[in-house]
Amino acid sequence: MQLVCPAGNLPALKAAIEHGADAVYVGFRDQTNARAFPGLNFSEAELREGVQHAHARGRKVYVALNTYPDSARVAHWFAAVDHAAELGADAIIAAEMAVLDYAARTHPQLPRHLSVQGSATTAAALTYMHERFGISRAVLPRVLSIQQVERVCAASPVPLEVFAFGSLCIMVEGRCQLSSYVTGASPNRHGVCSPARFVRWDEAADGSRTVRLNGVLIDRFQEHEPAGYPTVCKGRFDVGGEIFHALEEPTSLNTLELLPRLAQAGVTALKIEGRQRGAAYVGAVARTWRSAIDRYRANPERWQVEPGWQSALAAHAEGHQTTLGPYHRAWH
Amino acid sequence: MQLSLGPTQYFWPRERTLAFYREAVLWPLDRIHLGETVCSKRRELGTRDWIALAEELAASGKQIVLSTLALIEAESELGALRRIVENGRFLVEANDLSAVQYCRQRGIPFVAGPTLNIYNAQALSLLIEDGLRRWVPGVEQGQVLLAELRTAMAALGHAMPEVEVIAWGRLPLAFSARCFTARALDIAKDDCGFRCIEHPDGLPLATREGQRFLRINGIQVQGDEITDLAPEIAELRELGVDALRLYPQHEGMAEVVARFRAALDADTPVARVGASNGYWRAEPGKAGLPLQPA
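Just so you know, the protein sequences line up as chains A and B, in that order.
The opening position of the first sequence corresponds to residue 419 in this note's numbering, with each subsequent residue numbered one higher.
The opening position of the second sequence corresponds to residue 4 in this note's numbering, with each subsequent residue numbered one higher.
Hints are computed from structural coordinates only; laboratory data are not their basis.
Any given hint might turn out to be false.
[As the list claims (entries may be wrong)] Beta-carbon label-pair distances, calculated as ranges: (1) B/Arg198 with A/Gln527: 50 to 56 Å; (2) A/Asp500 with B/Glu241: 35 to 41 Å; (3) A/Ala493 with B/Arg198: 46 to 52 Å; (4) A/Asp500 with B/Arg19: 51 to 57 Å; (5) B/Val276 with A/Ser729: 54 to 60 Å; (6) B/Val147 with A/Asp500: 22 to 28 Å.
[To be verified] Example chain A residues on the side facing chain B (calculated, C-beta under 7 Å, incomplete): (7) Leu458; (8) Tyr486; (9) Asp519; (10) Arg523; (11) Thr540; (12) Thr545; (13) Tyr546; (14) Arg593; (15) Gly602; (16) His642.
Note that this is a predicted model, so its numbers are computed, not measured.
In this text, a Cβ means the ideal position worked out from N, Cα and C, and glycines have one as well.
Modelling step: build the complete structure from the supplied sequences, incorporating the hints.
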């Protein structure tokens, strides 16, 4: 099983590789990828250096081009595919049909991975993408239980990559419009979810804080209460007179204990979320998963979760909490 | 311009559903969508029942379309999807690529539902090659994006398919593996007791300061506001939109349909009854929020 780690900049890419990533995924500094945050991502010169750095160490670089261009902007996404090919990327990760089709026709030798944003949850959908655009790998949305992942793996025409760790999108990726409902900016169209320029924190005299997204109250926190980033899905709301995390708590996905089952199911790669996180996060998470994968490879029968791995991962989790998320039926 | 009744997004008792459609067939509609699009556990009507209802309603001369699930997770759901695709008579609305693939394999034409993520002319053209006959743009697609797409289709030398735009109802914003109704009622999804049937227009979710915000509908999250594009009918016509989609609600749907029919026949724009749809103006989807460039 390959370990695929996020990098929002060159230091993170180097940290991922130093600590054992088999591949790193990156994006350009524009809306062609789903982490289009200010100050993040790679210029062409940086990506060239990153690819050289990775290739010199026998590792791979995947370029995420996984947003949905509208008709007026589609040429910009095509140009990004060209740049990824010219810069020596080992694959592109794309979701949108026009982008995949262009890449397949223009750069047939450049492998195409279906992004999680492509919302493909069945062998039928994966077969469509495989037959139509020649994808050679797909990343599954974070909606399937472990049993469902096993079944899709068995029936899929292409090897599958699954999310192993990081912030948890609880909606079917590619089919969530909560951000644009409030801000007008969406993951699909603009590569952002609940962008920071719409976020406003206010502190009251009693030390409590409120956080709004474009004026809509997402949550309120007592003085010493830990406060997470205000995406709509992780706010506290009133349903039937009760105030709670109606959609999801601020928590991270952590599938470490499922590693043997994912390996046995034939999952080809484990993906770490977090291109928006720094080199320290990437390094620590990569090191932990490298160690867990290597230990499994060396002795699958005797493998067990080490407490040190879990505490290292929890330290980097949202709200310091982790969950098996949708892999575990009880979460649903 | 045609009037189309979208699939019911909520879960109603069997008799209520049947009664609703037996009334709907008498309303001034051109097309009716049937079928479960949100949760496969909702089985007051099974696949066979929906197809039987389609047969019954088709006698009215209205076009009947069988709509399908937006999120498919289990083998059993794929089996049901296959039976719908192979119904042999009625057009199918594909809300997931699984349905597109089944139609494409069998050479069967289909309607592309709003969750298929078609954002540009190239993607639309590719799906037309696969058998797309009508397109329901996703909720983020507004006036400018549709106009640009139309221009781009012409530049590619491709004809536009029929376009049906969501003109009335709560916008479907997100889908999850998690059932938010079960979560709100503190019950397990696998043992949910189908309690969403108690909320025939969804479960309101408000902010902590009481501002109405979203609707919980099983695994689906909707905007709370009932959006209304009736005042924009002239713009929709100018864009060449062929049909308006009205999403069913538990009460007062006959009046909604009658109002849209009158609005289509009127010479002057009608007043807004529901909420404005921000997406249509390239603003935040929720009405009245400030606009910043995305």
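Hints versus structure:
In this structure the supplied range 50 to 56 Å holds for B/Arg198 paired with A/Gln527, their Cβ-Cβ distance being about 53 Å. A beta carbon spacing of about 36 Å between A/Asp500 and B/Glu241 agrees with the range 35 to 41 Å that was offered as a hint. Taking 46 to 52 Å as the suggested C-beta distance range, the pair A/Ala493 and B/Arg198 conforms, at roughly 49 Å. For the hinted restraint 51 to 57 Å between A/Asp500 and B/Arg19, the CB-CB distance of approximately 55 Å keeps it satisfied.
Between B/Val276 and A/Ser729 the Cβ separation comes to about 57 Å, which falls inside the hinted range of 54 to 60 Å. For B/Val147 paired with A/Asp500, a C-beta distance near 27 Å keeps the hint of 22 to 28 Å intact. Interface hint at A/Leu458: violated, since its Cβ lies 17 Å from the closest Cβ of chain B, which is beyond the 7 Å cut-off. At about 4 Å, the closest approach between the beta carbon of A/Tyr486 and any beta carbon in chain B falls short of 7 Å, and the interface hint on this residue holds.
Given the 7 Å rule on beta carbons, the hint for A/Asp519 holds: about 6 Å separates it from the nearest Cβ of chain B. With a least beta-carbon distance of about 11 Å to chain B, the hint placing A/Arg523 at the interface is violated under the 7 Å criterion. This hint holds: A/Thr540 has a C-beta 5 Å from the nearest C-beta of chain B, less than the 7 Å allowed. Checking A/Thr545 against chain B: minimum C-beta separation of about 6 Å stays under 7 Å; hint holds.
Because the smallest distance between the Cβ of A/Tyr546 and any Cβ of chain B comes to about 4 Å, under 7 Å, the interface hint for this residue holds. Contact between A/Arg593 and chain B, as hinted, is supported at the beta carbon level, the nearest pair being about 5 Å apart and thus within 7 Å. Against a cut-off of 7 Å between C-beta atoms, the interface hint on A/Gly602 holds, since the closest Cβ of chain B lies about 4 Å away. With its C-beta approaching chain B no nearer than about 19 Å, A/His642 sits outside the 7 Å limit, and its interface hint is violated.
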